[in-house]
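**Q** Sequence:
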Amino acid sequence: MAGVLFGIHPLHVESVAWVSERKDVLCAFFFFLSVFSYIKYAGLVSESFGSPGLSGLKDKRYLFSLFFFILALLSKPMAVTLPLLLLILDWYPVERFRRLQDGAGLLYEKLPFLVFSVFSSIVTLAAQDAGGAVRDLIDVPLFSRVLLSIKAVVTYVVKIFVPVQLSPFYPYPKDISISNPLFLLSILTVVFLSCLCVIRHKKNRAWCAVWLAYLTLLLPVMGIVKVGDQAMADRYVYLPTTGFFILIGAGLVRAKIRFSERFGPVAAGAVFYSGLVVIIVALSYRTFEYTKIWRDGKTLWNYVVEIEPAATVAYANLGHFFLSEGAVDNAMVYYQKALALSPSNADALSNLAICFVEKGQNDKAMQYAMSAIALHPRKGSAYNTIGEIHLKNYEYEKALGYFMKGLALEPQKPLRYFNIAVTLENMGRLKEACNYWAKYLGIGKGEADFLETSQHFENLGCLLQDTAAAHSRSLPGKQ
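Residue numbers 1 to 479, in our numbering, belong to the letters of the sequence shown in order.
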């Protein structure tokens with residue numbers, strides 16, 4: 001029953017419908033295998049396992065749990081808090097905490113898990129920071145992050161029971177302060193539930209274990225370390241909400257048993273299954289309808305604009321959609337809306353600069369690109385736009401300088417190599433141009449374009465074999 005409710009709940013649509021987030025599902029698959037293997041290793045009854053420690057390394061069930069944990073981390077680093085979850089499971093339902101002294105041994109037993117967890121966390125944070133995804137404390141102060149995290153903790157739980165106003169993107173609220181009733185209510189709710197857990201931890205261990213597991217699994221994406229422009233995201237709770245669905249399923253079964261004892265099995269069964277069918281049909285319909293918005297970018301971001309009218313990212317992404325379709329005027333309308341909501345949005349400024357280049361209005365394009373750089377000195381696309389303007393004006397030295405700056409900031413973008421190759425070719429520096437063409441083909445287009453460009457090089461006097469060698473060196477995985 002818990003599995004059915006988990007599977008059809010609209011809160012989980014994002015992790016399934018969004019292709020790039022299928023890693024949530026893969027991570028969850030290995031995560032659950034790791035948990036099941038660990039429970040099988042530890043046991044569900046109060047048996048004597050001897051002194052906990054690294055002796056588990058001799059047990060294949062423990063090793064399977066560790067192996068599946070590593071696979072979960074490779075799928076998505078969201079699984080980093082699994083070692084803490086295993087300690088919660090040791091308390092309930094496995095019941096391995098018989099004495100206070102057991103804690104040290106059980107923690108020592110999780111050491112291999114902790115090693116991989118710490119390593120994965122360091123690598124992930126470094127990668128996110130290098131990609132510019134980690135938000136600076138100047139952008140979102142620490143106290144604001146704490147308030148946003150607490151509000152998210154409560155909001156996710158509410159959306160389990162009342163799955164309305166779901167959105168692919170939740171922007172930051174304008175008023176992030178403790179005086180805001182929503183934040184104050186969230187703080188009081190978290191404090192109340194946590195105190196209730198402490199006070200009644202002996203009588204309601206299942207509830208306490210679920211609450212602790214929820215907070216533990218949510219910790220990596222709670223928002224203290226801010227990644228991206230969203231205040232929260234439905235995909236973040238694909239794993240953390242699992243315990244609530246188990247608790248709901250168990251609660252429904254328990255309610256059916258009590259109703260059977262009081263009103264008889266026939267009457268209780270009729271009421272129970274009728275109610276269950278209504279819940280399943282309602283959730284399924286909501287999920288089916290919500291899935292439709294993920295059909296394409298235009299549908300998705302138009303929906304976000306309806307739900308979150310102040311979502312700057314939604315307008316910017318609609319601009320991207322129309323620009324990719326060649327509808328420059330439509331793209332500019334949405335970029336300008338994004339800029340009106342957030343005048344310091346370097347992305348909107350940079351993209352408007354690209355639009356003005358497409359329309360041949362180079363002076364305006366230069367103005368917007370320079371404004372983007374002033375706000376965000378590491379905005380590679382803005383340098384590229386300025387380079388294109390200089391290239392069109394036959395100012396090759398200036399163009400090359402800006403293209404090189406753009407490449408240094410965004411070495412993964414094939415267009416950066418393309419523009420440098422074209423500029424060098426116009427400057428008569430053919431050997432260098434050949435090298436950049438090869439790099440462009442290596443990370444960008446593929447073998448068909450490589451053959452066409454090789455012919456172009458040969459006509460210009462470049463050595464085909466040198467180009468092929470450079471191309472081979474630039475391809476990923478080739479030595």
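Honestly, I wouldn't trust all of these hints.
No more than 27 Å apart at the CA atoms, straight line, and that leaves these computed lysine-lysine pairs for DSSO-like [said to hold, decoys possible]:
1. LYS413 with LYS392
2. LYS23 with LYS58
3. LYS337 with LYS359
4. LYS413 with LYS398
5. LYS413 with LYS174
6. LYS292 with LYS359
7. LYS359 with LYS298
Now the in silico label distances, taken between C-beta atoms and shown as ranges [claimed, not checked]:
8. ARG258 with LEU196: 18 to 24 Å
9. LEU430 with ILE224: 41 to 47 Å
10. LEU114 with PHE143: 47 to 53 Å
Simulated from the structure, these hints should not be mistaken for laboratory data.
Think of the CB as a built atom: it goes at the ideal place given N, C-alpha and C, for glycine as much as any other residue.
**Q** Each hint: holds or not?
**A** Structure-based check of all given hints:
1. LYS413 with LYS392: holds (21 Å)
2. LYS23 with LYS58: It is violated: about 31 Å lies between the C-alpha atoms, which goes past 27 Å.
3. LYS337 with LYS359: holds (19 Å)
4. LYS413 with LYS398: Holds - the C-alpha atoms of LYS398 and LYS413 are around 20 Å apart, at most 27 Å.
5. LYS413 with LYS174: violated (34 Å)
6. LYS292 with LYS359: violated (34 Å)
7. LYS359 with LYS298: Answer holds: LYS359 to LYS298 is near 23 Å, not above 27 Å.
8. ARG258 with LEU196: 18 to 24 Å: This hint holds: roughly 22 Å between Cβ atoms.
9. LEU430 with ILE224: 41 to 47 Å: Hint violated: Cβ distance 52 Å, outside 41 to 47 Å.
10. LEU114 with PHE143: 47 to 53 Å: For PHE143 against LEU114, whose Cβ atoms are near 29 Å apart, the range 47 to 53 Å is violated.
Consistency with the previously given hints fails for numbers 2, 5, 6, 9, 10, ordered from lowest to highest.
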